[in-house]
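Residue numbers (this note's numbering), protein chains in the order written: chain A, 1 to 222; chain B, 1001 to 1222.
Since the hints were made in silico from the structure, they are not lab data.
Heads up, the beta-carbon is just placed ideally off N, CA and C, and yes, glycines get one too.
Among the hints, erroneous ones may be present.
To be verified - Which residues of chain A face chain B? A partial, calculated answer using Cβ under 10 Å:
{"#": "1", "residue": "A140"}
{"#": "2", "residue": "Q161"}
{"#": "3", "residue": "R165"}
{"#": "4", "residue": "V167"}
{"#": "5", "residue": "D168"}
{"#": "6", "residue": "F174"}
{"#": "7", "residue": "V177"}
{"#": "8", "residue": "G178"}
{"#": "9", "residue": "M179"}
{"#": "10", "residue": "A186"}
{"#": "11", "residue": "R204"}
{"#": "12", "residue": "F205"}
{"#": "13", "residue": "L213"}
{"#": "14", "residue": "L214"}
{"#": "15", "residue": "A220"}
Claimed, not checked - Counterexamples of contact, computed for chain A against chain B with all Cβ distances above 10 Å:
{"#": "16", "residue": "T15"}
{"#": "17", "residue": "L16"}
{"#": "18", "residue": "D27"}
{"#": "19", "residue": "V62"}
{"#": "20", "residue": "A63"}
{"#": "21", "residue": "S85"}
{"#": "22", "residue": "A111"}
{"#": "23", "residue": "R118"}
{"#": "24", "residue": "T145"}
{"#": "25", "residue": "V159"}
{"#": "26", "residue": "D192"}
{"#": "27", "residue": "D211"}
2 protein chains.
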Amino acid sequence: MRAVTPRTRPRSAGTLPPPETTPKGADVTREKLLQATHELLFERSGEEPSVADICERADVRVAMVSYCFGGKAQLLEALVDRAMSQMMSEQQQLIDLGLPPEEALARQVRASVYAFVRFPYMSELSERLVVGERAGTRLAETFVTPTVAWYRELIDAGVEQGVFRPVDPMFLLFSIVGMCEFLFSAKSWVQDSGAALDDALVERFAAHTVDLLLRGMRPATD
Amino acid sequence: MRAVTPRTRPRSAGTLPPPETTPKGADVTREKLLQATHELLFERSGEEPSVADICERADVRVAMVSYCFGGKAQLLEALVDRAMSQMMSEQQQLIDLGLPPEEALARQVRASVYAFVRFPYMSELSERLVVGERAGTRLAETFVTPTVAWYRELIDAGVEQGVFRPVDPMFLLFSIVGMCEFLFSAKSWVQDSGAALDDALVERFAAHTVDLLLRGMRPATD
Chain A
1 MRAVTPRTRP RSAGTLPPPE TTPKGADVTR EKLLQATHEL LFERSGEEPS VADICERADV
61 RVAMVSYCFG GKAQLLEALV DRAMSQMMSE QQQLIDLGLP PEEALARQVR ASVYAFVRFP
121 YMSELSERLV VGERAGTRLA ETFVTPTVAW YRELIDAGVE QGVFRPVDPM FLLFSIVGMC
181 EFLFSAKSWV QDSGAALDDA LVERFAAHTV DLLLRGMRPA TD
Chain B
1001 MRAVTPRTRP RSAGTLPPPE TTPKGADVTR EKLLQATHEL LFERSGEEPS VADICERADV
1061 RVAMVSYCFG GKAQLLEALV DRAMSQMMSE QQQLIDLGLP PEEALARQVR ASVYAFVRFP
1121 YMSELSERLV VGERAGTRLA ETFVTPTVAW YRELIDAGVE QGVFRPVDPM FLLFSIVGMC
1181 EFLFSAKSWV QDSGAALDDA LVERFAAHTV DLLLRGMRPA TD
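Throw the hints in and build the complete structure from the sequences for me.
Have a look at this one:
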C-alpha cells in the first residue's frame, strides 16, 4: 500500500474517547487493550494486528484478550462501539446546544470529515465486522438507526423554519458519509494529482463539503 | 457476506462494452476472457475468481490467460480499463451533445450512480489494483486526470453562463463518486432499515443525488 504523506494524519493515534465510567479492576486491562488496538490499526493503515502484537503494545498477558473480551473479534467490535458511541454522543451534544438547523448540519458534516482523520481504519473495520450478521445488526442499532432519526429531526426542524427542503434522512446520511469518506479512500488520487493530503487539504475539503451540502439543502425555489 | 436482495441488480451481468475495433484472431479469446471475468465478478459480488474458473466460463484453455494478458493481474487491469474507457467515452459524448452545463452535470451524476449497478465490483477491484504503483498511475491517467479536466471544463462553462458557482473540480469529482458509491457500500444499512435496494430505490437515490448536487452548485446568493 502506498505510504500516506506524513502530514496527512495527526502525529499519533491519540487517546481513545474514554468509557462512560472510570475503569477499575479488569476494566483497566480492557481499556489498555482497546487503546493498543486503536494505536496499531492507526499506525498500520488499518491492517489488523495480531493478538500478540496487541498484548505487547498494551503490556498485558496474551490470555487477557480472551479473558476481557472473549476473543479478538469481540475486541474489535468493542473498539467500533467505542468510536461509534463517541460520535453518537457528539451528535446528541449538537442537539442539546439547540443550534439553528443549518449550523447543526454544518457541524455534523465537519465532524464526519474529521471522524475519518481520527479513526482512519473505521470504515474498513466495521465493513469486515458486518460480514458477521450480529455485528451488522449492532452497527444498525448503535449507529445507523439513531443517526437516521437524528437527521430526520434536524430536517424536520429546518423545513419548519423554512431553511431546508424536505429530503429522505437515510439518503442524506448516505450522501454525507459517502462524500466525507471518499477523500480518504481516494488518497492515491490526491497524490497522483500532485497534491498532498495534508491538514490544509482536509480543511478545504471539509469547507467544500459543508458548502455543497448546505446549499443543496436550501428550500426549493423552483 | 450478506446476500443481496435479488432485485438489487440486473438479472445478469450483461455484456461488456465492446472494444473499439471488432476483435479478430487472438483478440476473440481476449474478449471471451474479459467477459467471463466480468460475469464471475458480478455474480460473486466482487470475489476474485480463479484462472481456472475464468477459463472454464470462457471455454478456453487455461494457458490463454498468460498468452493473452501475461497473467491474471493484467487481465483484471484490462477489465478495469475497459469499464473506464466506456465511462470516459460516455463523458465525451455528453460534451459532444453540447448540452447546457446543468443538464450535462445531471446526466453525469446519474451515469455515475448507474456505473455502480453495471460494475458493482469496480471500486473494490481498482482499489486492490492500485496497491501496485503502476496500476495506480494507469487509473490516474485513464480516469482521474481526464475526469477532473472534464469537470473543470463543465464548471467553467457553468460559471460563465451564471448557472454554477466555482468549485474545485477534483473535490467535485470526489463528492460525486463518494455519494454515488456509498449507496452500494452501505447496502446492509439499507436492508437493516427494512428497505430493499431495488431498482426503485436506486432511481430515487439517483434523483436525490442529482438534486442535492445541482442545488449545491448554484451560484452564490450570499
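Here's how the hints hold up against the structure:
1. A140: Since the shortest Cβ distance to chain B is 4 Å, the answer is holds.
2. Q161: 17 Å, violated
3. R165: With a minimum Cβ separation of about 8 Å from chain B (threshold 10 Å), the hint on R165/A holds.
4. V167: Since the shortest Cβ distance to chain B is 6 Å, the answer is holds.
5. D168: 6 Å, holds
6. F174: 5 Å, holds
7. V177: OK, holds: V177/A within 10 Å of chain B, min 6 Å.
8. G178: Status holds, d = 3 Å.
9. M179: Status holds, d = 5 Å.
10. A186: It holds, given that the least Cβ distance between A186/A and chain B is near 6 Å, below 10 Å.
11. R204: 7 Å, holds
12. F205: 6 Å, holds
13. L213: For L213/A, the interface hint holds, since the closest Cβ of chain B sits about 7 Å away, which is under 10 Å.
14. L214: 8 Å, holds
15. A220: 8 Å, holds
16. T15: 29 Å, holds
17. L16: Holds, because the least Cβ-Cβ distance between L16/A and chain B comes to about 24 Å, which exceeds 10 Å.
18. D27: 30 Å, holds
19. V62: Non-interface label on V62/A holds, nearest chain B Cβ at 31 Å vs cutoff 10 Å.
20. A63: 32 Å, holds
21. S85: Holds, because the least Cβ-Cβ distance between S85/A and chain B comes to about 18 Å, which exceeds 10 Å.
22. A111: Given a closest Cβ separation of 17 Å, the condition holds.
23. R118: R118/A is indeed farther than 10 Å from all Cβ atoms of chain B, at 18 Å.
24. T145: 7 Å, violated
25. V159: For V159/A, whose nearest Cβ neighbour in chain B is about 15 Å away, the distance exceeds 10 Å, so it holds.
26. D192: The claim breaks: D192/A does not keep its Cβ more than 10 Å from every Cβ of chain B (closest is about 4 Å).
27. D211: 7 Å, violated
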